[in-house]
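Line order of the protein sequences matches chains A and B.
Using full-length UniProt numbering, read the first sequence as starting at 1 and increasing by one per residue.
Using full-length UniProt numbering, read the second sequence as starting at 1 and increasing by one per residue.
No false leads were slipped in.
Result set (EDC-like, lysine to aspartate or glutamate): computed pairs, CA atoms no more than 16 Å apart in a straight line:
| no. | chain 1 | residue 1 | chain 2 | residue 2 |
| --- | --- | --- | --- | --- |
| 1 | A | Lys-279 | A | Glu-45 |
| 2 | A | Lys-279 | A | Glu-47 |
| 3 | B | Lys-85 | A | Glu-402 |
| 4 | A | Lys-49 | A | Asp-200 |
| 5 | A | Lys-160 | A | Asp-198 |
| 6 | B | Lys-85 | A | Asp-399 |
In short, the hints are calculated from the structure, not lab data.
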Amino acid sequence: MSQLFTALISLRRNMMRSILTTLGIIIGISAVIIMFALGEGAQREVEEKIKSLGTNLLMVRAEAINTAGARGASGNVNRLNISDADAIKRDLSEVVAVGAYNRGQAQVVYGNQNWNTGIQGANVDLLTASNWQVTDGRAYSESEVRSGAKVVLIGETVAKELFDDPAFAVGETVRVNKIPLKIIGLLGAKGEDMRGFDQDDILIMPLTTANRRVIGKSGRDINRVSRMVVAVDEENNMTYVSEEMERLLNQRHRVAAGQTAFSVRNLSAMLSTRAEANKVFSSLLAGVAGVSLLVGGIGVMNIMLVSVTERTREIGLRMAVGAKPRAILAQFLIESVVLCLVGAMLGLLISLLAVGLMQFGMGWSMALSPVIMLISVVGTALIGVGFGFYPAYKASNLDPIEALRFE
Amino acid sequence: MNELSSSASTPTIQCEQLSHSFPMAGERFQVLKGIDLTVMPGEMVAIIGPSGSGKSTLMNLIGCLMTPEQGELKILGKSTSGLTKAQLADVRRDHIGFVFQQFNLLARTSALDNVKMPLMYHDEPIKDADERARACLESVGLGDRLHNHPSQLSGGQQQRVAIARALINRPDILLADEPTGALDTHTSGEIMALFRKLNNAGHTVVLVTHEMEVAEQADRIVMVRDGCLLQDSSQHLEGAK
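Put together the whole structure using the sequences plus the hints.
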């Protein structure tokens with residue numbers, strides 16, 4: 001206890017020097033904690049996206065196809081059709097839902113408000129496959145899809161832009177690309193997707209309504225879709241379903257052997273890969289931060305060596321009055337550990353402030369991990385012991401006579 | 001720890017044929033050549049000699065700051081031969097109080113804390129540390145300077161603090177190395193009077209000096225030259241040649 005007190009006194013005596021020395025530790029600790037908070041935050045964000053997306057999803061698109069050596073645009077030749085979706089659901093028992101849709105952009109007008117948003121014309125199953133919830137009102141029905149009813153589901157962002165209170169949206173009529181559509185339901189918020197696009201900036205309407213009236217051009221197949229989202233019952237069946245689906249589509253569209261007409265991608269797997277990459281990246285950053293912590297430790301060692309030299313006579317005196325080498329060792333070790341721990345505490349404080357600022361001020365997703373905080377504080381104490389040992393050993397090994405004579 | 005009252009027949013310090021050498025310019029320089037010296041409890045002894053005579057080495061040996069190459073040193077009848085660094089530290093803590101020429105006080109630390117400092121090296125915490133330190137400072141006449149830092153004290157006062165620090169562990173030997181070397185004549189006189197007073201109170205005092213005027217204040221003067229005891233003014237003349 002008195003040793004701790006002695007250490008604090010001697011550190012306070014060189015206030016400026018102590019602060020500058022701990023600066024290395026402070027920066028190191030806060031960098032480690034902030035990097036981990038960023039990494040964890042990104043990780044959690046991706047996990048939440050996977051959840052909002054729904055698990056076990058396959059995305060089907062028509063691929064560009066080589067026609068006589070010329071590579072056409074995506075979906076140019078092979079066109080997915082709503083009947084493909086029905087066929088997949090009928091033939092593959094592992095498939096839970098097949099959401100088929102077309103995408104487009106549209107101007108939405110309500111009263112004097114207007115907003116440009118993304119629209120999806122889709123079958124009924126899309127809501128299930130893409131994990132959309134209808135929080136107010138209702139979803140559209142199979143017959144509304146068949147008849148091309150003038151109804152629409154509104155995303156939260158669009159609702160907020162057009163209505164003072166999204167709760168009043170349901171039942172109102174908006175004009176989408178000049179076509180009046182009745183809002184029958186409000187979609188639950190999903191947040192940003194993995195590329196940072198606002199998923200709630202959307203209108204979803206029956207496929208036929210979209211194809212015929214909103215984004216369709218005359219003469220086009222009103223049952224045509226650009227993509228399909230396929231929900232599979234179990235993760236283990238993903239590969240099987242994706243192979244079977246490709247085979248089925250190739251057969252239905254009479255694709256020549258060896259040609260790739262449709263691509264089937266595992267969305268969850270893509271997200272996981274991205275999450276994995278995020279993790280590697282943030283670990284790398286945290287590693288760099290760890291190096292700066294190590295450099296801070298070297299700074300502590302340096303200053304402890306200076307301190308030992310400066311206080312050689314004091315060490316000699318302490319030995320003369322009966323301090324054993326072990327007591328001198330302990331005194332300097334405690335001093336360097338205290339130095340490091342003070343730095344760790346300040347670093348912790350700074351990182352908490354910084355994480356708070358990034359999270360609430362800048363809206364980044366951060367996740368503080370108590371384990372990482374604990375590890376970095378304990379690690380810093382160990383750095384104090386590790387880098388403090390050599391100077392302390394040097395002090396304890398001094399010859400009292402030489403030390404007392406030291407000028 | 002206070003063994004001043006230990007049997008009068010046991011010498012406080014007993015040097016038997018102490019020899020020591022240092023490496024110098026590739027050879028060994030024999031700094032002490034078989035010193036025999038006995039100090040009885042309650043004595044006040046001055047060790048005097050010119051620089052290079054070996055008196056500092058003799059003092060370092062008596063102070064258990066080093067061990068002799070040959071011969072034996074007994075403190076209160078116990079041999080110090082073969083002791084480890086840590087055991088020597090215990091001997092110093094329990095039996096010897098050091099006073100240095102340069103005072104060696106901790107800067108920016110109060111007189112009270114300076115005097116208390118040696119107590120932190122006991123295995124068991126000393127509970128009445130403050131009272132003990134205060135009593136020691138009072139005994140050197142600094143009862144009203146407890147909280148002054150060394151920079152706020154005169155040279156003589158600083159040396160008094162150092163003497164109080166030497167007394168805190170109730171040592172059997174007060175070992176002073178040129179205690180007046182950094183002081184003016186008047187203050188020197190005061191410090192020597194203090195040693196005299198402490199000796200009269202029963203403390204065994206060993207002074208090392210090169211000044212005859214200082215040495216003359218002691219009961220017994222031991223002269224060292226070229227590593228040998230040249231002269232011993234007392235009736236014990238074991239070391240004289």
